[in-house]
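From first to last, the protein sequence lines stand for chains F and L.
Residue numbering for the first sequence follows this note's numbering, starting at 4 and increasing by one per position.
Residue numbering for the second sequence follows this note's numbering, starting at 4 and increasing by one per position.
It is worth saying that the hints were derived from the structure and are not from the lab.
Treat the hints with caution; some may be incorrect.
In this list, chains with the same sequence are indistinguishable; a pair is considered to hold if it fits within one copy or across any two.
Okay, derived cross-link-like pairs now, EDC-like style, lysine to aspartate or glutamate, Cα gap no bigger than 16 Å in a straight line [unchecked claim]:
#1 Lys165 to Asp116
#2 Lys781 to Glu730
#3 Lys630 to Glu446
#4 Lys781 to Asp729
#5 Lys313 to Glu342
#6 Lys802 to Glu792
#7 Lys630 to Glu403
#8 Lys454 to Asp189
#9 Lys454 to Glu385
#10 Lys280 to Glu296
#11 Lys151 to Glu563
#12 Lys482 to Asp362
#13 Lys158 to Asp566
Given the structure is predicted, the values throughout are model-derived calculations rather than measurements.
There are 2 protein chains.
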Amino acid sequence: MASIGLSVPPGFTISTEACQEYQQIGKKLPEGLWEEIIEGLKIVEKDIGNALGDPSKPLLLSVRSGAAISMPGMMDTVLNLGLNDEVVSGLAAKSGERFAYDSYRRFLDMFGDVVMSIPHSLFEEKLGKMKNAKGVKHDTDLLASDLKELVEEYKGVYLEAKGEKFPSDPIKQLKLAIKAVFDSWDSPRAIKYRSINHIHGLKGTAVNIQCMVFGNMGDTSGSGVLFTRNPSTGENKLYGEFLINAQGEDVVAGIRTPEDIDAMKNCMPEAYKELVKNCEILEQQYKDMMDIEFTVQENRLWMLQCRTGKRTGKCAVKIAVDMVNEGLIDSCTAIKMVEPRHLDQLLHPQFEDPLAYKDKVIAKGLPASPGAAVGQVVFNAEDAEAWHAQGKTIILVRTETSPEDIGGMHAAAGILTGRGGMTSHAAVVARGWGKCCVSGCSEIRVNESEKVFFIGGNVINQGQWISLNGSTGEVILDKQPLSPPALSGDSETFMSWADEIRRIKVMANADTPEDALKARSNGAQGIGLCRTEHMFFASDERIRAVRKMIMAVTLEQRKEALDLLLPYQRADFEGIFHAMDGLPVTIRLLDPPLHEFLPEGDLEHIVGELTSYTDISEDEVYSRIEKLSEVNPMLGFRGCRLGISYPELTEMQVRAIFQAAISMNNQGVTVLPEIMVPLIGTPQELTHQTNLIRGVANEVFAEMGTTLNFKVGTMIEIPRAALVADEIAKEADFFSFGTNDLTQMTFGYSRDDVGKFLPIYLAKGILQNDPFEVLDQKGVGQLIKMAIEKGRAARPGLKVGICGEHGGEPSSVAFFADIGLDYVSCSPFRVPIARLAAAQAAV
Amino acid sequence: MASIGLSVPPGFTISTEACQEYQQIGKKLPEGLWEEIIEGLKIVEKDIGNALGDPSKPLLLSVRSGAAISMPGMMDTVLNLGLNDEVVSGLAAKSGERFAYDSYRRFLDMFGDVVMSIPHSLFEEKLGKMKNAKGVKHDTDLLASDLKELVEEYKGVYLEAKGEKFPSDPIKQLKLAIKAVFDSWDSPRAIKYRSINHIHGLKGTAVNIQCMVFGNMGDTSGSGVLFTRNPSTGENKLYGEFLINAQGEDVVAGIRTPEDIDAMKNCMPEAYKELVKNCEILEQQYKDMMDIEFTVQENRLWMLQCRTGKRTGKCAVKIAVDMVNEGLIDSCTAIKMVEPRHLDQLLHPQFEDPLAYKDKVIAKGLPASPGAAVGQVVFNAEDAEAWHAQGKTIILVRTETSPEDIGGMHAAAGILTGRGGMTSHAAVVARGWGKCCVSGCSEIRVNESEKVFFIGGNVINQGQWISLNGSTGEVILDKQPLSPPALSGDSETFMSWADEIRRIKVMANADTPEDALKARSNGAQGIGLCRTEHMFFASDERIRAVRKMIMAVTLEQRKEALDLLLPYQRADFEGIFHAMDGLPVTIRLLDPPLHEFLPEGDLEHIVGELTSYTDISEDEVYSRIEKLSEVNPMLGFRGCRLGISYPELTEMQVRAIFQAAISMNNQGVTVLPEIMVPLIGTPQELTHQTNLIRGVANEVFAEMGTTLNFKVGTMIEIPRAALVADEIAKEADFFSFGTNDLTQMTFGYSRDDVGKFLPIYLAKGILQNDPFEVLDQKGVGQLIKMAIEKGRAARPGLKVGICGEHGGEPSSVAFFADIGLDYVSCSPFRVPIARLAAAQAAV
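With the rest of the complex left out, here is chain F (with noise of 0.2 Å):
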């Protein structure tokens, strides 16, 4: 820590290198370590006029992680060293003997259990044993002799543990303390903290050896820990905990029940007043919320550790703001200062308190889609619906969900499925509303329809209460307490900087008016993305007509099916134009393969169904079934192949499109709209679309008396499409890249199938993210910088922009901002997200 003028004990660091050459020797001191050990001796024992091991002038170091701070899992104990009986008994004369052997029996404890890992309870079992036998209640009741018989036997114990006397060199402490802190890098704890929060490419961690003080000398000294303002508010009043004649962990570990900083103000009031001067001159500084450590020793503060507060989202925008009005930093720092995950958290539902659960939470599947949910479960579509329709608040449970589900999904307030990654379908739709979703939690196991779920010994049966916690992948039982989304009149103040700032625009992938609505209240500049195949499921009629056009054998009946529909598409696009009037609206044209589109069930269900409202016979049925049927749907017939193959349905899209456009114009609404071409691979393909698409526009326009200005572009997510982007730009009005396709074909993962996999990979650390959550940035990012190059030296001013899930995930949208994208695309819901990490990106 920087010293700044406060009192901090003296103190040295050895560097990270000598962590990470004693990690690639052999878990073996380096050589030269040592002597940089002395030197920084040398330097505390000057500051101070005390030596280790000299037991006139006793120096008692404290020994911790450099890392700790930052890196749970890390050594984090401050360990005092330096004791043994030599030095306690110069201690005892100096300070009192209840001190001296108090800090003997604590040291021995924590230097047991932290560098020899001798198990903390035989020492707590010890101190019981001896409390119980003096009657009392609390450690400070103890006496001095109490406490001195208590350092033989915590002797004892190191003897029985370990076979040896423990080690009472000072200088042997010493280098046992260091390797332990060296050691703690590797610690599992450690290990799957920096895996699970993207923390690479560090060397290791130094090592603190500080000067130790004392909070536990009577009644003029403490401990406290303190934030400078609220963590979970933002108020602006120091919030945190004091305990008199304890050390810091005794106010962690809450052995006694601390008292509110503002005690303090009574008792020691002079080190209160320098405290709270301390804590301004700390936010001067770091020009942040800070989280402090202090002890008072015989009436003197020592501020211990410092470092920046961790906080909630609400708290996180409110102190930015704060800090802008008060004149401490700048609206660009303010932006820097609220992290992503933040806003998120403003934008969902969260539980009131996430540690209040952590004992009913039975299974971990993804955090597909953040925030949390409570209800009662319930096992397919339709029962959603209905348990909805009566008021009821439902948690849909599925193996997985399929475009059919939909409507059961939407009635839901959380989604559970067993199989899927976090672009499965479950996790795509449940993100584009802003729903609660864990997916691929592969512990559970449902029997859809006997409507049971197992999970562990635990069996979860129809109408049973149970919560998911979407941020963390968390299934927990019963009815958990949840606090509403909240969105200050601060965030707006925030937004409004941050959207200063960018240079990216954010748009949003929307496919109903309600949804456009959405996106444009959190501040979409337009849709990237109206798939139009979402609204196919919107009633029985539609996709009665859908399964008709699907079903046609000859060219006429599926035109017929066509016809169908047609004003329902009409219908869709006047609403969503409607809703984003002045604002582009990118439609794709259908895209997924049409058996997505089939019912579910056995085959002979299927045919029944089809049968009964198609005109085509079984036979044929059972035919077009069969030729539908795919081995790897995703790079089978769908796409702009369907369009090629079967133009009139392209026509009847491209028709819907342009009536609704000159419709609405016809109502002084401004239409931008800005048809997409899916899966393109070659130029041919998009010139194929393109002049079906102009020829439909014109014959419209003349039907209509009217024209009004459009664009055609294409989606590039296939890798094919990447590579001759220069060929493909001369027909492209714009590029719109499909991240979550071009990572699938790139990577040559299936986002279905990737499950089986990914954990593994990330766990052995052969992928550091999955791809599908962060852009790989590396290989699909290659493609997508190449594509921008060749894009734009064909065609020069190239709109350029992406519609994939990573349009709304942080560090994803910091390198599209840096690689010139002109916009990315979420879900309505990501957007302020979006808003802000391109802010960040830009500031």
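Given the coordinates of chain F, work out where chain L should sit on it, guided by the hints.
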């Protein structure tokens, strides 16, 4: 045709640009064209001294497409022009009435048919009636007066069919004829021909206008066609037909039976002598066997047309070798003269007469694996093996094949499938074996349980004979006579020249010792791809061990199953190493998704079978199978993802390889093992597997007390691998491009499903070729080039090859040679073709 001192009728050519303009401006003759024609006519008139439309000195012209020679479907008729009543009177006065009116009625017939679209049959009908009325058999028996009468009747046909008189103005005739040639560019047959033969980028056709000569001016005249050598056998002797008092079309149309060319020696000795001399001149000039048309007019020989002669494979090789021996060409030129498809013919059985069965063709699928096959139909692998064991020749007919069918496929003479493209399972396996296969024949409907298939109106039952042409995709009723593959001494001479010239190595894809021997005998310089998994189905014990491994719930169970597999794998590798003594053997670790090794059938049957020999409970088997199922197996849990998730699997395979290598080495065999890790997308994957491989190698070396050199490399088959090839190269001794998968992922085409739209794409010209057949140089090729550049920059001298299906496709091989690959690897049967293509790329 270039004039080379032969007597050819004078003429001129209208450029292809005129045709192109004609197409563009809406099928109108372009401006300036007429001036061009007049200029040309003047040259002809000057040469001959006659004039078009001048009855006193009539100039008779023939008009035909300039492209017709090389492009069937174009207007290929030598169309005489310039005749009308006046001209014919003049002609009669000069050359006799019979000749004049015979020419006139021929002209009316052909002009009506070809230019005016009046059915030829209408004229035939009149001719037939006249012959009947006159009681004569041959056209030549009709008198001049009969012909004059016929001319009038023919004119009546014009009036009746078109509602207007025959256009008597020669200039108008010429214009109409030129339009007809231009129009023929867009005839369906011409479009189809260009599409099939990958002829792209041409602007259109030129028009040849040539002065007429006449073979029908009595017994001193005649016409003939000939090849300068025998086009079937290559024998160096004129091979052709001749007809006295006839025009060329009479010879071709077979109106009278022509005589052997030898007959001309007696009846027209002078002309014959000149013809023989001309043939020599032409072969000297064109350095090739020529296909010639000629006419003798009143004992004077005119050469009408000369083109390179079409030939069989056997002939092509013989002529190439003979011409080198004759000193006519050098071996480089000889290499260019033989087309790869010629060699292909030599390597597979062919139908004796491919024209004889045309009316028995009942369907057409994809020409998946060349050659011809005749056999009795069976519908499953078991029957195939059983019938084969009884000495029957069989054709296996399946909707699609799976690895379970391998035995039956091997037993079959040919394979026919209803589904799957050029790289479907059936196609790939059949090509690997050089076995005839027609795949993706969507016209057939196979009912495997009833053992019958339907095709148009035909019902084909088990045991019925059918024939397959794997070179054309034809499915033919009944037994058609076959001729066996014929490799002559000439072939060996020829291939030795090819090997001297080529720079790129040719390896083979071979999975068994037998395949390896076949590859070696076909000239392979090593194994570029040995698919270890193809051996898994070789026996019941093996596949059961594989399934035990797949079903294993615990690591121990899996290791137990792998221990069972180890000796099988070791034995296989020993056989292959032995067969390839002294040559490199590249072994790919397990690649396909595990579910490919499950039994076929319904779930209950599968579970029943698996529980019968795996010690795994029914519930666990169900759960394992469920976990193995994938939405897009192509992009799922396969390749190195298996070996990383189950390192013990890689360990077993690598142990088997090194144990086999050392045991063969100890027996004096020179073993050069190269281990190839499939489906790498990140350098971390390769590092993981490479560490494992080197670790096991060291273990085996220590156990067996000896070491040997080996290489570890990787497939580059995922787009991302090509993008980060520099990083991957640091870990790889070699790259082998898996162009099948690379094509799938670069295009986003599943090779199993591409049949739904690929035919449409080819028909609409969106794709020029099936990218699984002919490498897509622009997209996939770009990735390959990028990977080579990056790879060699990071590791100079990196060995680079390809082992996809494209390794045996001539134009792709040429591309690979161009961009600097070290080797191509293809199926053993395509090795000679690749050797030739590589040589052709080098010359």
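field: Hints not upheld, ascending by number
entry: 8, 11, 13
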